[in-house]
Amino acid sequence: DAGITQSPRHKVTETGTPVTLRCHQTENHRYMYWYRQDPGHGLRLIHYSYGVKDTDKGEVSDGYSVSRSKTEDFLLTLESATSSQTSVYFCAIAPGAYNTEAFFGQGTRLTVV
Amino acid sequence: QKEVEQDPGPLSVPEGAIVSLNCTYSNSAFQYFMWYRQYSRKGPELLMYTYSSGNKEDGRFTAQVDKSSKYISLFIRDSQPSDSATYLCAMSAETSYDKVIFGPGTSLSVIP
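Which chain is which? The protein sequence lines are E and Z, in order.
Going by this note's numbering, the first sequence runs without a break in its numbering and finishes at 143.
Going by this note's numbering, the second sequence runs without a break in its numbering and finishes at 151.
Mixed in with the good hints there might be a few duds.
[Unchecked claim] Taking lysine-lysine pairs in the BS3-like style, the calculated list, with each CA pair at most 27 Å apart, reads:
id	chain 1	residue 1	chain 2	residue 2
1	Z	K95	Z	K106
2	E	K83	Z	K138
3	E	K41	Z	K81
4	E	K87	Z	K95
5	E	K100	Z	K95
6	E	K87	Z	K81
7	E	K83	Z	K95
8	Z	K138	Z	K41
9	E	K100	Z	K106
10	Z	K81	Z	K106
11	Z	K41	Z	K95
These aren't lab readings, by the way, just hints derived from the structure by calculation.
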């Protein structure tokens, strides 16, 4: 999967707890993205990063924060998990901003109970 | 109305059949069109990319864009069991990946 590792792959957590998902890449790509995938909605962009410490919001950013302190790692944090955040989360990486270049990780399945 | 609509299926066809997967969209500014294939429990992978209208062929796959009707299609010829996956259409008005809008996906099963 183009040198992308998401961790954990599966997680069950309780409502109100903080959760951090990690995306690690070995490709030295500049761009990194976090998506969520839900039935009937397709992939929706949560946040993305265009460099170390450079991040921006996507379509569904409410309730999520991100951090990128080094090129290889992009962290997604749910400050206080809610049941509506139960989803499959995908990280993607790209060398540039162009829309043919992104490669996706294998996903993290998060269940909030 | 969602910006990108796609029949969710599931679509089940016999091996060797021609498969037609379709998406409609509402934003006339879209000009970059993509198809992704997603196997179960895996991330999406880019299958086809088309700019503006017209057809593009790659092996057994043909992507077709009709901007006047706001309709795109992916045709799979001589379908194989290995084509069983969810197919996502995606599109954008700009080249930036953060502007890409994905359809909900169509689940396809090719029966041997």
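Against the structure, the hints come out as follows:
no., hint, in the structure
1, K95/Z - K106/Z, "holds, 14 Å"
2, K83/E - K138/Z, "holds, 20 Å"
3, K41/E - K81/Z, "holds, 16 Å"
4, K87/E - K95/Z, "violated, 33 Å"
5, K100/E - K95/Z, "violated, 39 Å"
6, K87/E - K81/Z, "holds, 25 Å"
7, K83/E - K95/Z, "violated, 39 Å"
8, K138/Z - K41/Z, "holds, 15 Å"
9, K100/E - K106/Z, "violated, 41 Å"
10, K81/Z - K106/Z, "violated, 31 Å"
11, K41/Z - K95/Z, "holds, 26 Å"
This entry does not satisfy hints 4, 5, 7, 9, 10, going by the numbered hints stated previously.
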